[in-house]
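These protein sequences, in sequence, are chains Y and A.
Using this note's numbering, you'd call the opening residue of the first sequence number 1 and step up by one each time.
Using this note's numbering, you'd call the opening residue of the second sequence number 1 and step up by one each time.
The set of hints was computed from the structure by calculation and includes no laboratory data.
Don't be surprised by glycine CBs; every beta carbon is placed ideally from N, CA and C.
It is possible that some hints are incorrect.
Per label pair, the in silico range of CB-to-CB distance [to be verified]: (1) Y:112 with A:117: 36 to 42 Å; (2) A:121 with Y:460: 44 to 50 Å; (3) A:38 with Y:67: 54 to 60 Å; (4) Y:403 with A:194: 30 to 36 Å; (5) Y:289 with A:194: 21 to 27 Å; (6) Y:105 with A:134: 32 to 38 Å.
To spell it out: a stretch of chain Y is covered by chain A in this simulated footprint if at least three of its residues, at any positions, have a beta carbon under 8 Å from a beta carbon of chain A; those stretches are [stated by the list, open to error]: (7) 324–332; (8) 351–357.
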Amino acid sequence: MSGSGHRLLSVARLSVSEPRAGRMLCGPLSFGIDHGRTLGIVGESGSGKTLTAMAVAGLLPGHLAAEGHVALDGATLPTGDAAASRDLRTAYTGVVFQNPSTALNPRLTVGAQLAEALAPDVRRDQARAVARCLTLLDEVGIREPERKLTAWPHELSGGIAQRVVIAMALARQPKLLIADEPTTALDVTVQAQILDLIAGLQRRHRFGVLLITHDMGVIRDRADEVVVMAGGRVVEHGGTEALFAAPRSNEAKTLLAASEFVLPEWNDPAGTAPGTPPLLEARGVRKTFRKGPQALAGVDLVVRPGISLGIVGESGSGKSTLARIIAGLERADAGAIRLDGEIRRPGTRSDLVQYVFQDPYSSLDPRLAVVDTVAEPLRAKGMRKADALKAARTLLDEVGLDPSLWERLPGRLSGGQRQRVGFARAIATRPKLLIADEPVAALDSTSRERVLALVQRLQARHGTAQLLISHDLSVVARLCSEVVVMRAGEIVERGPTRRIFETPAHPYTRQLLEAVPGRRRQPAPLIETVHATGETT
Amino acid sequence: MSDRPAIFDSGGATPRPTRHSGFSLRGRLGLALILAWAVLALLAPWISPYDPDQSDLAAFMAAPSLADGHLLGTDDLGRDILSRIFHGARPVLVVAGLATLMSVAIGAALGIVAGYGGRLVDQVIARIAEIQLTIPGLVLALLALALFGSRLENLIIILALESWPLHFRVARSYTLNARSQGYMEAAWLAGVPHWRSVLRHVVPGLLPLLVATSTISAAFIVMTEAGLSFIGLGIQPPKADWGLMIAQGKAQLGAAWWLSIMPALALLSLLFGVQLLGDAVSSRLSSLEGGGEA
Numbered sequence: 001m002s003g004s005g006h007r008l009l010s011v012a013r014l015s016v017s018e019p020r021a022g023r024m025l026c027g028p029l030s031f032g033i034d035h036g037r038t039l040g041i042v043g044e045s046g047s048g049k050t051l052t053a054m055a056v057a058g059l060l061p062g063h064l065a066a067e068g069h070v071a072l073d074g075a076t077l078p079t080g081d082a083a084a085s086r087d088l089r090t091a092y093t094g095v096v097f098q099n100p101s102t103a104l105n106p107r108l109t110v111g112a113q114l115a116e117a118l119a120p121d122v123r124r125d126q127a128r129a130v131a132r133c134l135t136l137l138d139e140v141g142i143r144e145p146e147r148k149l150t151a152w153p154h155e156l157s158g159g160i161a162q163r164v165v166i167a168m169a170l171a172r173q174p175k176l177l178i179a180d181e182p183t184t185a186l187d188v189t190v191q192a193q194i195l196d197l198i199a200g201l202q203r204r205h206r207f208g209v210l211l212i213t214h215d216m217g218v219i220r221d222r223a224d225e226v227v228v229m230a231g232g233r234v235v236e237h238g239g240t241e242a243l244f245a246a247p248r249s250n251e252a253k254t255l256l257a258a259s260e261f262v263l264p265e266w267n268d269p270a271g272t273a274p275g276t277p278p279l280l281e282a283r284g285v286r287k288t289f290r291k292g293p294q295a296l297a298g299v300d301l302v303v304r305p306g307i308s309l310g311i312v313g314e315s316g317s318g319k320s321t322l323a324r325i326i327a328g329l330e331r332a333d334a335g336a337i338r339l340d341g342e343i344r345r346p347g348t349r350s351d352l353v354q355y356v357f358q359d360p361y362s363s364l365d366p367r368l369a370v371v372d373t374v375a376e377p378l379r380a381k382g383m384r385k386a387d388a389l390k391a392a393r394t395l396l397d398e399v400g401l402d403p404s405l406w407e408r409l410p411g412r413l414s415g416g417q418r419q420r421v422g423f424a425r426a427i428a429t430r431p432k433l434l435i436a437d438e439p440v441a442a443l444d445s446t447s448r449e450r451v452l453a454l455v456q457r458l459q460a461r462h463g464t465a466q467l468l469i470s471h472d473l474s475v476v477a478r479l480c481s482e483v484v485v486m487r488a489g490e491i492v493e494r495g496p497t498r499r500i501f502e503t504p505a506h507p508y509t510r511q512l513l514e515a516v517p518g519r520r521r522q523p524a525p526l527i528e529t530v531h532a533t534g535e536t537t
Numbered sequence: 001m002s003d004r005p006a007i008f009d010s011g012g013a014t015p016r017p018t019r020h021s022g023f024s025l026r027g028r029l030g031l032a033l034i035l036a037w038a039v040l041a042l043l044a045p046w047i048s049p050y051d052p053d054q055s056d057l058a059a060f061m062a063a064p065s066l067a068d069g070h071l072l073g074t075d076d077l078g079r080d081i082l083s084r085i086f087h088g089a090r091p092v093l094v095v096a097g098l099a100t101l102m103s104v105a106i107g108a109a110l111g112i113v114a115g116y117g118g119r120l121v122d123q124v125i126a127r128i129a130e131i132q133l134t135i136p137g138l139v140l141a142l143l144a145l146a147l148f149g150s151r152l153e154n155l156i157i158i159l160a161l162e163s164w165p166l167h168f169r170v171a172r173s174y175t176l177n178a179r180s181q182g183y184m185e186a187a188w189l190a191g192v193p194h195w196r197s198v199l200r201h202v203v204p205g206l207l208p209l210l211v212a213t214s215t216i217s218a219a220f221i222v223m224t225e226a227g228l229s230f231i232g233l234g235i236q237p238p239k240a241d242w243g244l245m246i247a248q249g250k251a252q253l254g255a256a257w258w259l260s261i262m263p264a265l266a267l268l269s270l271l272f273g274v275q276l277l278g279d280a281v282s283s284r285l286s287s288l289e290g291g292g293e294a
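In isolation and in its complexed conformation, chain A is listed as follows (with noise of 0.2 Å):
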């Protein structure tokens, strides 16, 4: 005879059946479409029909069609569309990937630091935090990458230094609560050291919250470096970039629209793709949080 489980039974313990075996829907497609992109963009050399860069005089804004070869159309230079939006999601996809990989790390090492460190420690972060999050990030970004000059690693570090508050308030406020409990007290008590605490009891469970907020910041992030673009302060030409490619189609929008909207489309279906797995991704850590573990 052992002890009754906590959760509610009269006679028959039926376990509560897993309902959270797996992904939904959305999840799933947002993340095929994601993975898509990439498989796009890393094949791009080898799929592209034209060279991306290659103009071609004797068809300049070509419609798309299905006869002369430039499905999606050619640009005002005769560069085949197609071709430069699959070169164009590697940018987007660089940045977006690096971007947030390091606003996750930079905001979750601070978070650790200032849920477990002392109560000064703890201040000056927030306060840092809290001045980042005042500033407008497009502004922030226009100033940095207009004096220390528009290339790819300043773009993805100012992108990254942009996104890191939301990143710290989740692994702060997660900290200190697992700080206070039980578990962590024990751990101490038994002379475990802290670094090996929170590995061990801090990392795992904060990992799950990192991936819903990273989605977040993924999305910002994607959008932010194509209106980077877009304004000129981005990738420069004549790389092919979403962002770039809608701002060089914009006068034509009249004339030969496809030239905006073509790459305004690809970005969105990415943007799409993003929302849908952190929906997804979120939705089903609160449920977990709901009824899982009890």
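Only chain Y is shown next, with the shape it has when bound in the complex (with noise of 0.2 Å):
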């Protein structure tokens, strides 16, 4: 694919092995970048995109070493761990991270760090240094730069230290941008301003971008071309839009259906006569946390039995203090609840309803084999044990985790091995309320279309009334019926999601989902074919 003369980036037979264990962990693998061009390297986790990203950046850690040849504007970089390369990299490349929180020193000022980023000349004069950091920050919009330059990154919020990142990436003027899952960590309208962020930047300094991501959407948004990769190789190159139109590898296309922002057929709201009573009844909850802005400010909420109900909105915007609330986590300041026509006394566990973490490494223990896990709600319940573990196998299975797991510890798992895990637990007790906080925020995009199913298919089974919690708004639209719309810990919009959906009447609701990755260059015809590929176990 590397046809014209001089381009910005080349990289050709590059591999990634790991020389120890004597195997090959990626690669070889081909591709180039024009400048000014952004190049999209798209990937499941564990396809080898970020260890191909961090061997151009020079970033791989000690025991894995890189071979190839990258040439950096017609320069030369060498692939092994000489200063030189060193030297050409930091001169030439800039890199941005995942997660902007641990990119950040947390015992640096943003100025400090910033300094650090900056050409050795530039830093020795401090003037010239802070003008120079003034210029970055402002560049990369943030306001008031004078007063950031003191603050430390934990005073930021993900979306400002994010843009401090590029902007330490962006000090000594590189011509490559590294942008390594640069808004996985972040809320999507966020994401948005981001992305939109770092290709303002590219037109105004002609800089290749080498976008790391699993998100199509993304890819079909930002990058001219496209590389996907799958279990260390290249199994497609080529041009985004003619990827988008017609995908030819099979990787590609399980992508692209997971990354569909189909609005799904939509199951109108089955067993609500207006009359039944509601399951669940919330009035005027409210919430302060000490030393923290008021996380829910007077909000009501109604679940009906049997219902899926989405709660949507950005991280702070409060809709996990108010699951957490309902299931009796977390005392609410005010406010009443209602479980079943009962009055809930405020902290006080119920048995109706469960509650699904988002987090799925912390949610298991560890020093517990998963059957254990599960058996546990059993046990508490008083069953006995030989009866418990067998009802926890039954529910596995009912989740799909393969067998040969069940016994296993939950380090053996995958986040969505542990996820199913959490669901079978959830499901023990048979509640009448399940609550998923962002069920698949922490899973990449395969894990995540099954898990999807997976809660889609316990619904239709069980008939449970579910509260999803998600930032992510094709997750609501695919499994909710009714949509609840949260900022800044108050309900600005709520309805059936078909409506909410198409007709959206609050400005942040269409402000949210203008946001979503994949809808800007949208071409008219979408493949309607999501709904089958989700449902192998």
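From these two lone chains plus the hints, build me the complex, please.
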């Protein structure tokens, strides 16, 4: 694919291996980027896309070795870890990392970290260094850059922190910006802003961008050319539009299908005769955390039996707090919650409600076998050990977890598998209301697809009412018949999913809908085959 | 087709080899030293060549030699030093063992209560621990032993009371962390009683940490016990004890070095063993935390 003589970046037969274990991790790969263009590398987690980017950036961990030819603007970059290669790379490339909170040193102010990233001659002259830092912060769209210079990383929101990371990457006017999942850790609306920012800077400075992502929507919006990776190899390579129009490889098709923002055929709320008494009724729920802003400013919420209600909003909108209050994990400052008609005392638990946690890693005890974890709620209800274990196995079978994993510790499970265990534990005691807090936010697209299919299946089988919290509108569109949109501790809009998605009334809802990646360059015909892909267990 | 494992793999998923199948060499060496002293102390009445308290005025301050049966020599009252070292291991190990166990038990129990209970309980216990930490251990021990008499059980209690804040801190921070984990919240939502949650989800993870802190405590306690005996507030003569023997021999250091040096070497080897074991345990723990569960 490296046709034109002098590309910005050209990579030939690049491969990454682990010499000690004697195995090849990815490659050989060849690709290139022209000046001012964007190449997207897309693939599931484990496909080797981050390794590739880190090999280009010269940031591979010590036990891995890269081989092959990497040339930047005509100059060959040594792939070894020589000092020369490091100098070339610091001069020509900038890297934006996935998680801004780990990319910034918590013990240095923003200004100190930015100054560290400047070229040595600028850094030596303090006045120039400060001026340059301010320009950089201004350029990445940070308001009041003077005040932010002395701010600590923990005082920044995720979006601002990522802007600082971008400013650091730009500090030496790189020719190539490597962005490794730059928006995965951020909210949807912030995601769009960050991607817009990178695109704007790219237009102004004409640098090339190597964009690593698992999200085809992001690729569709931002990349000129795409490399699809799977299992450490390139499975497809071509222009973005061509790829989206006619994906050739199965991997590309799967990724495409998983990322389509398709409004499903609306399953009109079944079994919701208006007269049925609500299962959950929350009135005027307020909550303010110590030393924090108001998390909930008087929220009313009604969930009818068997319905699936989605709560969407950015992080900090109070949606998780609301869910935790309903579950009894948090106490409200004011307001009343009725479950099945009965007033619920704050901070007490109820057998009617169970919860699936966002983080699949901390939600399972690392020292307890999967089957014991699922059996725990049953044993707490007084079931005999043998019976509880038997029931737990049935549940694990129901959520589609491979039987070979049942006696294992959670450390051996992937995020998606852990989340299945979380669901099995939550439905063990047959709750009437299942709260799932961002159940797929931490998963890659394939496991996400499977977990969502599981949620759908569980609801169809048990008719449990669900309260699904997500910042991802496509998740809510697919699973919920009613939606509540939250912002800054208040509900700004509520109604049937279809109405909200087709004719959003509140400007914030419209903003949320527009921020969904993949909608921007969306050509008219969408592939309507999403529903068939997920049902493999 | 099942979900991809979280560990990075491209194609062939070869499981990471289990590096930490056993203890390192230094850990085993440390354990061997401790166990050797424990066996010698246990068998002291049978393996000692002489009665440790029997003075033999015909052979006082005899130098170590293979010829006359006093392998490590005799002290200024003609008592066989080897026998006294064997017997002297007993108070050291009893005090160190019991006091360590006691301090771990106190520290862990209070730590779990503080970490799991409300803010008030936590604050109260944490303040007590801090007060305890500000008072120099030796001073407190001097005072208490002078007040209540230097009996063995007093010695144990005082040494235990001195070392609990270390275990308390570790147990408290571990419990605080575990408490906010999803699995604890899930257990609560499922109706698991608090005490059972603690036993099932907190204690198993805490135990290995406490093994590490207890070796630190044990080394401190061995040293302090010897120190207290040395200044006359620990084990009382004529009982055999290493610290006491060192103290009694110090006047004769020029004329008969073996009186002090022999028990000092014994003390040193025991401390060395405890430290080696402690090092091995904590490095094993940190490597487990680093990569074992990812």
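_Hint numbers contradicted by this structure_ = Per hint list: zero violations.
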